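Student: Please model the entire structure based on the sequences and the hints provided.
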Amino acid sequence: MTSLEKGRFYIFREDKMALQTIKGTYDVYGDRLRQAEMVETLFKHFMDLYGYTMMRTPIIENRDVFYDKSDTSDMVTKEMYSFSLNSKDYITLRPEGTRGVVRSLIEHKLYSLEMPIKLSYIGSMFRHERPQKGRQREFTQLGVENFGEKNPLVDAEVIAMGYFYLKTLGVDDIVVYLNTLGDEASRSQYSKALESYFKSYEEDLCEDCKRRLSLNPLRILDCKIDGAKDFVLNAPKMQDYLSEESKVYFEKVLKALDELGVPYKVNDRLVRGLDYYTDTVFEVVSLNEASGSQSTIFGGGRYDKLVEKMGGPKLSGIGFAIGEERLLILMEALGLLDDETRALDAYIINMLEDDPYALKVAEVLRHNGFMVKLNYYKRSMKSQFKSADREKAKFVIIIAESEKAKNEISIKDQSTALQESVKLEDLCAYLDEKFKGENEDA
RNA sequence: GCGGUCGUGGUGAAGCUGGUUAACACACCAGAUUGUGGCUCUGGCAUUCGCGAGUUCGAGUCUCGUCGAUCGCCCCA
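Taking the working numbering, the leading residue of the first sequence gets 1, the next gets one more, and so forth.
These are calculated hints, taken from the structure and not from any lab test. Keep in mind that this is a model prediction, so the values were computed, not measured. You may find that some hints are simply not true.
Unchecked claim - The list that follows gives simulated cross-link-like pairs (lysine-lysine, DSS-like), each with its CA atoms no further than 30 Å apart:
#, residue 1, residue 2
1, Lys-309, Lys-386
2, Lys-78, Lys-305
3, Lys-360, Lys-394
4, Lys-373, Lys-406
5, Lys-436, Lys-423
6, Lys-192, Lys-309
Unchecked claim - Simulated DEER-style distance windows between Cβ atoms:
#, residue 1, residue 2, range
7, Lys-247, Arg-342, 51 to 59 Å
8, Asp-208, Val-175, 20 to 28 Å
9, Val-266, Phe-231, 19 to 27 Å
10, Ser-82, Lys-434, 53 to 61 Å
11, Ala-333, Lys-378, 42 to 50 Å
12, Asp-64, Phe-231, 33 to 41 Å
13, Arg-63, Lys-378, 57 to 65 Å
14, Lys-109, Thr-25, 31 to 39 Å
Glycine included, C-beta positions come from ideal geometry on N, C-alpha and C.
Tutor: In structure tokens form, the structure reads like this:
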């Protein structure tokens with residue numbers, strides 16, 4: 001076999017695997033796409049209500065936008081899709097949205113705008129993880145970022161916005177968890193205290209926690225294996241390491257949420273995974289079993305040092321991201337997604353062969369705002385009626401030689417089964433009249 | 001990255017200890033009904049069981065590999 005033959009063979013059949021989506025990625029179409037767009041449309045509406053500006057940043061960024069030597073999270077250390085085209089400059093598929101927005105904020109000096117700066121985004125994120133329900137390698141986040149004003153009212157507004165967004169979608173079966181990690185100094189102090197405390201129990205820790213001990217001891221607190229053990233429950237408490245300022249700040253956030261009617265649970269073992277969080281952190285968890293083990297619908301927190309760390313000015317920030325696919329899984333379980341195909345206004349049964357006449361009628365109707373499909377090729381009238389049923393057409397229009405000769409069409413109201421003849425030039429007015437009546441009834 | 005389960009048509013699936021025409025249902029197409037559907041009846045619809053190799057006289061059924069899905073760990077949205 002020559003290399004050319006081999007090559008051609010390869011392209012067409014030898015490796016069939018090349019013809020499927022890569023692991024953890026999916027094609028989205030039809031009902032599923034409409035549902036996703038519905039969720040996104042409401043999100044954009046909420047952004048208008050709360051004064052956020054939508055933003056699109058590139059899906060690929062320089063690796064350093066995300067990569068930070070001090071960052072211990074798995075996301076940064078082992079889940080990023082990074083590659084290099086010249087073995088020098090590394091490019092990364094964004095694993096999250098916040099850092100791209102911060103990069104943009106710094107690059108374009110958006111911080112000269114009036115504070116707070118409210119930005120939001122919708123887009124694909126990429127993480128190289130083992131896929132499972134609610135966890136894909138390419139997934140969609142709806143996120144918000146709020147910069148430049150450190151104020152408990154801002155925290156409360158951000159959390160409330162996310163909560164009311166879910167409420168408006170009809171989502172319940174959720175719980176909002178809140179915690180405060182304190183400022184950076186108290187967080188690292190606490191972290192050290194935990195490390196030395198757990199050091200003496202090292203033998204009793206699970207394998208994962210042994211690893212966490214030096215990496216991020218806070219995570220031991222919410223470990224599923226060790227979390228319930230006595231020595232973990234008796235570990236030093238965050239509260240004892242918080243500055244008075246942080247405590248007061250957190251109290252104010254809680255009070256504002258009470259005022260707004262946002263239910264929440266304070267969970268002092270809530271530790272967010274990304275290293276840049278400080279002070280207020282929160283997540284919304286689904287209690288529905290359909291969500292499986294990936295039950296966090298959205299999560300976020302305050303990140304007052306991130307902008308500065310990335311080379312920008314001292315600028316506080318808070319934000320969250322919603323996992324769109326997880327949200328849709330929950331909504332489906334709650335029966336909030338409808339699969340209704342959109343009903344057609346009219347379906348044209350076309351008995352003419354090789355004649356654009358019916359197409360012309362369809363165009364006239366479409367130009368007048370009616371949703372129309374038509375039959376293009378020779379099929380029995382019976383099967384064309386079946387198509388009309390499947391499309392849930394409100395009216396069926398029949399066009400054959402006799403109609404064309406008289407310059408009219410036959411039109412049948414599917415709800416009443418009444419059929420009449422209408423002059424072509426009167427068709428739009430006829431339908432307008434019909435639909436007007438229908439709307440008044442509704 | 002680790003462990004468990006699974007992979008048959010457009011869909012849901014049957015297929016027993018390997019045996020040779022791959023059930024059944026829904027959907028779809030055609031006809032009965034040559035310009036009128038949603039009921040009924042009749043017929044059609046998987047050269048093939050994710051992909052590849054092996055064992056065997058013979059594999060959808062066994063073995064290995066691989067790809068994918070799923071559940072849990074881990075991680076996080």
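Student: So, for every hint listed, does it hold in this structure?
Tutor: These are the hints, each one checked on the structure:
no.: 1; hint: Lys-309 to Lys-386; in the structure: 64 Å, violated
no.: 2; hint: Lys-78 to Lys-305; in the structure: 23 Å, holds
no.: 3; hint: Lys-360 to Lys-394; in the structure: 20 Å, holds
no.: 4; hint: Lys-373 to Lys-406; in the structure: 23 Å, holds
no.: 5; hint: Lys-436 to Lys-423; in the structure: 19 Å, holds
no.: 6; hint: Lys-192 to Lys-309; in the structure: 21 Å, holds
no.: 7; hint: Lys-247 to Arg-342: 51 to 59 Å; in the structure: 53 Å, holds
no.: 8; hint: Asp-208 to Val-175: 20 to 28 Å; in the structure: 25 Å, holds
no.: 9; hint: Val-266 to Phe-231: 19 to 27 Å; in the structure: 23 Å, holds
no.: 10; hint: Ser-82 to Lys-434: 53 to 61 Å; in the structure: 59 Å, holds
no.: 11; hint: Ala-333 to Lys-378: 42 to 50 Å; in the structure: 46 Å, holds
no.: 12; hint: Asp-64 to Phe-231: 33 to 41 Å; in the structure: 40 Å, holds
no.: 13; hint: Arg-63 to Lys-378: 57 to 65 Å; in the structure: 59 Å, holds
no.: 14; hint: Lys-109 to Thr-25: 31 to 39 Å; in the structure: 36 Å, holds
The structure shown violates just one earlier hint, number 1.
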